[in-house]
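According to our numbering, the sequence shown is numbered sequentially starting from 1.
Bear in mind the hints are in silico, worked out from the structure with no lab data behind them. Backbone N, C-alpha and C define an ideal beta-carbon position, used for all residues, glycine too. Don't take each hint at face value.
What the hints assert, rightly or not - Per label pair, the in silico range of CB-to-CB distance:
# : residue 1 : residue 2 : range
1 : Gly30     : His225    : 20 to 30 angstroms
2 : Ala313    : Asp174    : 22 to 32 angstroms
3 : Gly106    : Asp289    : 29 to 39 angstroms
4 : Gly256    : Ala193    : 39 to 49 angstroms
5 : Gly25     : Gly261    : 12 to 22 angstroms
6 : Gly259    : Gly217    : 22 to 32 angstroms
7 : Asp215    : Gly290    : 21 to 31 angstroms
8 : Ala205    : Asp258    : 33 to 43 angstroms
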Amino acid sequence: MPVAVKGRWRLGGGAPAVRRLLAAGAVPIGTTSVPRGPGYQTWGATDRGPTRNPWRGDRSPGGSSAGSAAAVGAGIVPLATGSDGAGSVRIPAAWCGIIGYRPTSGLVPSTDPTGLATPGVLVRDPALLRPWLDAVTTGPVHAGSGSGAGSDAGFATAAWSDDLGFAARELDPDVVAIARAAAADLLRAAGAAAVDVPLRLHDPAPAWTALRHPDAGPAAVRATHELRAANDRALRAFFVRADLLLTPTTPAGPHGHDGPGGRMNVALTWAFNLSGHPAVSVPAGFGPDGCPVGLQLVARHGADEALLDLVAAHVPVARAAPF
């Protein structure tokens with residue numbers, strides 16, 4: 001199968017997950033564009049110019065797996081590799097109208113010493129997710145336990161959150177409404193019950209930033225541990241009462257090539273880089289501007305196979321952007 005490789009990784013070298021994918025028989029046709037800079041990036045500016053969203057050329061495809069998402073969204077390849085340290089697979093998947101998956105942290109070998117980034121994958125056909133995971137993991141994938149026998153793919157209950165308790169000021173109401181409608185459709189198709197489980201996380205921004213800066217002082221390190229522990233407790237309590245968390249993937253649609261301005265497009269994704277939960281972005285529809293909107297599904301630690309089975313059963317193949 002032809003694949004594209006996120007440009008940060010050398011073909012045949014670099015990331016262990018890429019080496020394993022190629023060893024399993026994937027045929028790379030090339031590497032994809034990655035925006036400049038070490039931090040999170042939701043625009044596709046490179047030394048060769050902007051990477052364009054396949055649905056609207058004046059908009060960003062998201063990042064940092066910008067070229068991978070654009071290549072899959074345009075139908076150039078069926079699968080492209082990515083890495084997700086703050087949403088860098090899920091955000092471009094949402095904005096390019098495709099499917100993007102970040103596994104449970106530690107499930108796939110990562111070269112990121114902070115533990116925030118994990119290899120991920122971008123596809124149009126959800127049936128390709130499990131084969132990718134099988135190719136890049138060496139040990140068994142332990143399924144998380146759902147609360148209801150007989151529910152589709154182990155998920156009996158799911159709860160919705162617009163803003164995870166801290167991101168309300170970032171939200172575009174059109175994007176939220178489209179994602180929420182898609183969530184309701186998915187639950188009906190899967191036979192899962194919507195439950196009301198409030199979730200209030202702390203904004204992960206200071207902890208994420210401290211982990212990315214090795215010179216952070218003792219006070220910042222201590223605050224990071226406290227924030228992370230508090231969010232972990234909240235998520236453990238949430239997943240006692242619900243099997244699945246549903247949110248918009250991004251708080252707003254894709255911005256232009258000049259960047260996001262003051263909006264934090266990672267607001268709904270990077271909490272799960274800190275917590276390590278598996279998450280998938282699936283297409284939810286299109287906004288008033290004609291750009292795709294994503295729905296994020298977050299599951300318990302280790303529930304990757306059940307999550308991917310749910311997506312494969314109830315998320316259709318995403319259509320490629322028209323040229």
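Need the list of violated hint numbers for this structure, in ascending order.
Hint check: 1, 5, 7, 8 fail, others pass.
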